[in-house]
Amino acid sequence: MLSIRQAPLFVPLLVLLACSLEKTAQEWELDRTRVLAIRATPAEPRPGDSVSFEALTYSPDATLAVAWYMCLGLDMFSTDCQPDEAELAELQGLNWASMDDEQLAAQRAQAATVGVLGVEPGLPPVFDIPIELLYALKSEEMSEGLSLPIHLRAEPFETTGAANEREHVTKYLPISLAETPNHNPTLDIVSVNGRHYGSAKGLVARAGESYALKPVPLEGVLETYSFVNSAGETEEREEEPEYRWYTTSGELDRWADGPPHAGGSDDTGGGGSFFDWVDDGATTWIAPGEAGDGTLIVVMLDGRGGMGWREMSYTVE
Amino acid sequence: MHLLPPLALLLLALPALSWSADEAAAEELAAEELAAEVEELPPLVVNPELVTFVDAPYPPAAVDAGIEGVVLLLIELDELGAVTAVEILESAGHGFDEAAEQAAWQLVFTPAQDEQGPVPVALEFEYGFTLDSLPPPLEPDTPAPPLPVNLEGTVLEAGTRIPLEGIALWILVDGERVDTRSDVTGHWAFHGVPDGEIEVHATWPGYEELAEKVEVVPGEVTELRLWMTNRDYDGGEMVGLYYRDREPDITRRTISIAEVRRVPGTFGDPVRVIQSLPGAARSSFGSSQLILRGANPEDSNVYIDGVEVPIIFHMGGYRSVINPALIASVDYLPGGYGVRYGRSIGGVVDVQTSDEYPERRTATWHTDVLDSSLYTTGRVGKEQQLGFAAGIRRSYLDVLMQPFLPDDAPTIKPRWFDYQVKGQTLTKGPNDFSLLFFGFHDLMLIQNPDDFSVGTDEEGTDGLAFAYQTHRMVGTWRREISPTLDLFVRPVFGWDDTALDMATMVSMKIRSTQLGLRSELRWRPNEAWQVTGGVDASSSRFDMSVDMSGFAMSMDDPLAEEDDFSSSDNGWSHAPDPYLDLQLRPLEEPEALVFDLGVRLETSIVSGMDPLLGLDPRFAMRWELVPGGTLRAGTGLYQQHPEQRVMAFGGGNTALPLERAWSSELGWLQRFGTAGSADITGFYKEIDRLGVFNPDLQDFFTDDLYVPDGAGRVYGLEMLLRKEPTGPLFGWISYTLSRSLREDGDGEWYRFDYDQTHILTGIAGYGFPWDFDVSTRLQYVTGNPYTPYDDAVFNVDTGSYTAVESAARNSARMGAYFSADLRVSKMWAFKRYTLEMFFDILNVVHAQNPEMIIYNYDYSESTIVQGLPIIPSLGFEAEFTF
Numbered sequence: 001m002l003s004i005r006q007a008p009l010f011v012p013l014l015v016l017l018a019c020s021l022e023k024t025a026q027e028w029e030l031d032r033t034r035v036l037a038i039r040a041t042p043a044e045p046r047p048g049d050s051v052s053f054e055a056l057t058y059s060p061d062a063t064l065a066v067a068w069y070m071c072l073g074l075d076m077f078s079t080d081c082q083p084d085e086a087e088l089a090e091l092q093g094l095n096w097a098s099m100d101d102e103q104l105a106a107q108r109a110q111a112a113t114v115g116v117l118g119v120e121p122g123l124p125p126v127f128d129i130p131i132e133l134l135y136a137l138k139s140e141e142m143s144e145g146l147s148l149p150i151h152l153r154a155e156p157f158e159t160t161g162a163a164n165e166r167e168h169v170t171k172y173l174p175i176s177l178a179e180t181p182n183h184n185p186t187l188d189i190v191s192v193n194g195r196h197y198g199s200a201k202g203l204v205a206r207a208g209e210s211y212a213l214k215p216v217p218l219e220g221v222l223e224t225y226s227f228v229n230s231a232g233e234t235e236e237r238e239e240e241p242e243y244r245w246y247t248t249s250g251e252l253d254r255w256a257d258g259p260p261h262a263g264g265s266d267d268t269g270g271g272g273s274f275f276d277w278v279d280d281g282a283t284t285w286i287a288p289g290e291a292g293d294g295t296l297i298v299v300m301l302d303g304r305g306g307m308g309w310r311e312m313s314y315t316v317e
Numbered sequence: 001m002h003l004l005p006p007l008a009l010l011l012l013a014l015p016a017l018s019w020s021a022d023e024a025a026a027e028e029l030a031a032e033e034l035a036a037e038v039e040e041l042p043p044l045v046v047n048p049e050l051v052t053f054v055d056a057p058y059p060p061a062a063v064d065a066g067i068e069g070v071v072l073l074l075i076e077l078d079e080l081g082a083v084t085a086v087e088i089l090e091s092a093g094h095g096f097d098e099a100a101e102q103a104a105w106q107l108v109f110t111p112a113q114d115e116q117g118p119v120p121v122a123l124e125f126e127y128g129f130t131l132d133s134l135p136p137p138l139e140p141d142t143p144a145p146p147l148p149v150n151l152e153g154t155v156l157e158a159g160t161r162i163p164l165e166g167i168a169l170w171i172l173v174d175g176e177r178v179d180t181r182s183d184v185t186g187h188w189a190f191h192g193v194p195d196g197e198i199e200v201h202a203t204w205p206g207y208e209e210l211a212e213k214v215e216v217v218p219g220e221v222t223e224l225r226l227w228m229t230n231r232d233y234d235g236g237e238m239v240g241l242y243y244r245d246r247e248p249d250i251t252r253r254t255i256s257i258a259e260v261r262r263v264p265g266t267f268g269d270p271v272r273v274i275q276s277l278p279g280a281a282r283s284s285f286g287s288s289q290l291i292l293r294g295a296n297p298e299d300s301n302v303y304i305d306g307v308e309v310p311i312i313f314h315m316g317g318y319r320s321v322i323n324p325a326l327i328a329s330v331d332y333l334p335g336g337y338g339v340r341y342g343r344s345i346g347g348v349v350d351v352q353t354s355d356e357y358p359e360r361r362t363a364t365w366h367t368d369v370l371d372s373s374l375y376t377t378g379r380v381g382k383e384q385q386l387g388f389a390a391g392i393r394r395s396y397l398d399v400l401m402q403p404f405l406p407d408d409a410p411t412i413k414p415r416w417f418d419y420q421v422k423g424q425t426l427t428k429g430p431n432d433f434s435l436l437f438f439g440f441h442d443l444m445l446i447q448n449p450d451d452f453s454v455g456t457d458e459e460g461t462d463g464l465a466f467a468y469q470t471h472r473m474v475g476t477w478r479r480e481i482s483p484t485l486d487l488f489v490r491p492v493f494g495w496d497d498t499a500l501d502m503a504t505m506v507s508m509k510i511r512s513t514q515l516g517l518r519s520e521l522r523w524r525p526n527e528a529w530q531v532t533g534g535v536d537a538s539s540s541r542f543d544m545s546v547d548m549s550g551f552a553m554s555m556d557d558p559l560a561e562e563d564d565f566s567s568s569d570n571g572w573s574h575a576p577d578p579y580l581d582l583q584l585r586p587l588e589e590p591e592a593l594v595f596d597l598g599v600r601l602e603t604s605i606v607s608g609m610d611p612l613l614g615l616d617p618r619f620a621m622r623w624e625l626v627p628g629g630t631l632r633a634g635t636g637l638y639q640q641h642p643e644q645r646v647m648a649f650g651g652g653n654t655a656l657p658l659e660r661a662w663s664s665e666l667g668w669l670q671r672f673g674t675a676g677s678a679d680i681t682g683f684y685k686e687i688d689r690l691g692v693f694n695p696d697l698q699d700f701f702t703d704d705l706y707v708p709d710g711a712g713r714v715y716g717l718e719m720l721l722r723k724e725p726t727g728p729l730f731g732w733i734s735y736t737l738s739r740s741l742r743e744d745g746d747g748e749w750y751r752f753d754y755d756q757t758h759i760l761t762g763i764a765g766y767g768f769p770w771d772f773d774v775s776t777r778l779q780y781v782t783g784n785p786y787t788p789y790d791d792a793v794f795n796v797d798t799g800s801y802t803a804v805e806s807a808a809r810n811s812a813r814m815g816a817y818f819s820a821d822l823r824v825s826k827m828w829a830f831k832r833y834t835l836e837m838f839f840d841i842l843n844v845v846h847a848q849n850p851e852m853i854i855y856n857y858d859y860s861e862s863t864i865v866q867g868l869p870i871i872p873s874l875g876f877e878a879e880f881t882f
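Quick mapping for you: the protein sequence lines, in order, are chains A and B. For the record, in the first sequence the residue sitting at position 208 is 208 according to the numbering used here, with numbers rising by one throughout. For the record, in the second sequence the residue sitting at position 373 is 373 according to the numbering used here, with numbers rising by one throughout.
Among the hints, a few may not be true.
[Claimed, not checked] Computed, partial: chain B to chain A, Cβ under 10 Å:
| no. | residue |
| --- | --- |
| 1 | ASP55 |
| 2 | LEU559 |
| 3 | GLU561 |
| 4 | ASP563 |
| 5 | PHE565 |
| 6 | ALA792 |
| 7 | ASN795 |
| 8 | VAL796 |
| 9 | TYR855 |
| 10 | TYR857 |
[As the list claims (entries may be wrong)] Computed footprint of chain B on chain A; a stretch qualifies when at least three of its residues, placed anywhere within it, have a C-beta under 8 Å from a C-beta of chain B:
| no. | stretch |
| --- | --- |
| 11 | 24 to 35 |
| 12 | 141 to 151 |
| 13 | 167 to 175 |
| 14 | 222 to 232 |
What the hints contain is simulated information worked out from the structure, not anything from laboratory work. Idealized CB from N, CA, C, for every residue including glycine.
Put together the whole structure using the sequences plus the hints.
Next comes the structure, spelled out in structure tokens:
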């Protein structure tokens, strides 16, 4: 609760933060090892299901070693656990390509005893949801279920010791008995200056020019689902997407045309307010000043744990 | 004529008159009582000295008769050494009395001083008349008939229009000086002044010498009004505004208003000067939070006339919520205070409003870059038996900022407003009544740019609005029931409102209706001991409502569905808090050794929760071991109700007990006559039962949000070296060496967020002639601690990084803070008003002080945010007298 005595801080803090002009690395810049998204399949499993994971990663010039793990036992829902480094090193040192299915299954079972779900390359991450996971919930809570944190650590095989070379990530896996379980959204089309680009098509851009980008989700990608609110009433809700853009070069500016609001940047009729707006994913990309190749990535989140993404290569001339 | 050596005596002597035995007995008793009362006065450290002696004309009749004589006078001097009253104690007859009295009015003395500074005194003065050196007698002359008055006028003080009594005026007639003086109405007159141009001179200590020419017209009475300029209009405020209570609080530091208004960087606000005193940490840029002796800002209480108020500064921290013109003194108690104050484990700031009302009404207009205010005070009634004061103030940043913001930027409108009205009876008698109304209203509004707004409501349903206001009505009744028994009653009524609106997302409103009563009965049968029983009672009804849309149903799950949330709650909280205090003065010199033992019952009774009770014993002593040197020591328990206790939604947080601190101090105060003082105090404070966030919280609605596992430790040294404002130079050097630690129940001690090892402040000001003032403040402060990060965990669902501490919490420090501020002011006195212009420059040397560290999205890079550069502030204040 806001204390009245903190009120005098309001004005100077607002002024202070607004006045900070130092340039630092921006979130949309792909300049180091990054994990941009994690997709679980199924997106919203039930107890007893087997879930596989896929990570969208980026590394400037190295192959990444990715470790997937989770906390065990009573700490299952903790976000503060670390893998057994010795076990992990041993697992990462195995020659996975030479193993048959039986050997893989045995190694996977062994890894699971220390909380490791997978190591990549080699052992894709899989998690078998315990059948009893939701037993502690009341029956009316089971359709909402709970979320289990899954952890990931990605780093180049050959590390240089740089501070942010290793990326630690947490992904929450929703597990429930929902009648309308979630599905991962798919994103195939991106609009560039109004032209639609499919998944196979790359962009040819001119150096220094601006391009209006916008994801175009297909009909039905955003799902409608049921939710029982605090009043006990069942509501039908539609997913509200969130979009995140990244680029390997150039600049991205989500606010070039002002706050994002529903209806597109050319809609002047009645968009959202400063504090209450719907993300339509529109952004402006300014191509770099030099010729070269690169990648634009847009990640789409459906707000319920589901993720999809689209990578688009570009050539700057 | 020779002057017998003047005698300056401290005691008043009554004239010997032949009265009846009963009257004599009564007179003797009154004299004894008066003598006893005089004995109570602090001793003088500087006696008045005669600077200018004036020869009285030897009465002709006495010359003829060959008579000599000695007139014993009682002369009263004011704080400047000027003669304000002359009384004949022993008459010598023969015209000696009148001559001596006339001359006595023109004597000039240096002011007497006690430990506090210049004081008025009365002294016996023998004026002797001897015939030895009389000039040869003149030829007897037929006495001429007295000439009529043909030149007269009044002499008034410029700017205040106060009639000046006793001013020495003179003219030259045929080369001979003719003197006169003004009477109580300021009127003066000369007889038989030759026609033509004449120059009238007026002179008096403390005033600019005046010489004004006038044309004396034949056959008429020429009138002339003279305006004399006081050399130091603030000089009268530099003394006499100390808190004169007899509390032996260990580290009570009281500052005079004249000093604080001259301190740069305070914008003339007496409350802001606290940050230049020992024990007060430097707050983050612009916030002016009161961080006293290592305590959280919320742990210190602020009062106006003993009435607790939620905040003391307006939004932004530049102005206190009460007009400085109404402030008589500011009591600053960083710790070690008595049982009169409670509900706090930090410090206390008590702003006292003025009980003085000028005989002539004044109105003061003050304007600077932040706000403007109007203040008026005076007396009304047939016999001026009612004093009044009223003031209003309003900021205009909300207007001034707009032209400087880009068109597409959100509109930002901060503004504040405050008002005060006070009335007080000024009749003599055992009862004294006063009524004080005060309040303030602050608002911060951030509105959408027009292009993106929904609707047309300019007051921000689509913006951010944060507002709070406080209003109080305070009655005071003091009654002297008997010479040994005093009663003090102060009822209070008021309310506080806080409102936060963020578009359609959040709407939160809290109203707290306050009822309070502070009452004391003090029994002082003799000088040796005193018992005070009191109550510091407070009751408040709180009503709060919260409406949120899109509120996450779980704290830990980022995928939890958002739902609309509404909650409202109301209830009562009571804190009757009685206390008992015993003061002992065992020595013959009653102020040489004072013991204070008190106990206070801290209470917190909140509807729907178990009451919390705690007993706070406190002890303090003050012992003047050597002249001017005083040892001070104290220890005591301080408790407060945990703020988090009423922050529950649902059933959490009922188990939190009173937070408490055991605080001890030991200090030495050494006065160097009236020149200054040095004060050093060591302190140690142990804190426990602090409410900290529950690390095991799973469910926001059923689990306790907070647990009482936090602890703290604060220790250090405070030093103050002060030059008393007894002349044009004033200032002080303040140094605090301290360490403040916290622990959140996990055994890991860390530095408090505002732990500043060294706080060194130097202030100096000089009052040049003609009311030209220059003052400066230099400050050096150790940088604030911070927790370094160099790694973070990415939550792929929320898209945010959570920093991972690379070292212990608050193990790193930002760079030190240094600033130099300057203030220049000049006052002009016109006939009916005074005008002061001031120029305040903060950060004159343009120091790049680090204020905070901000990190980029993944905590891999950081930026030091620096405070604002040089900040000039220009303003003026005009005071009109009616």
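Discussion item. Hints numbered earlier in the text: which of these fail when held up against the supplied structure?
Written reply: 1
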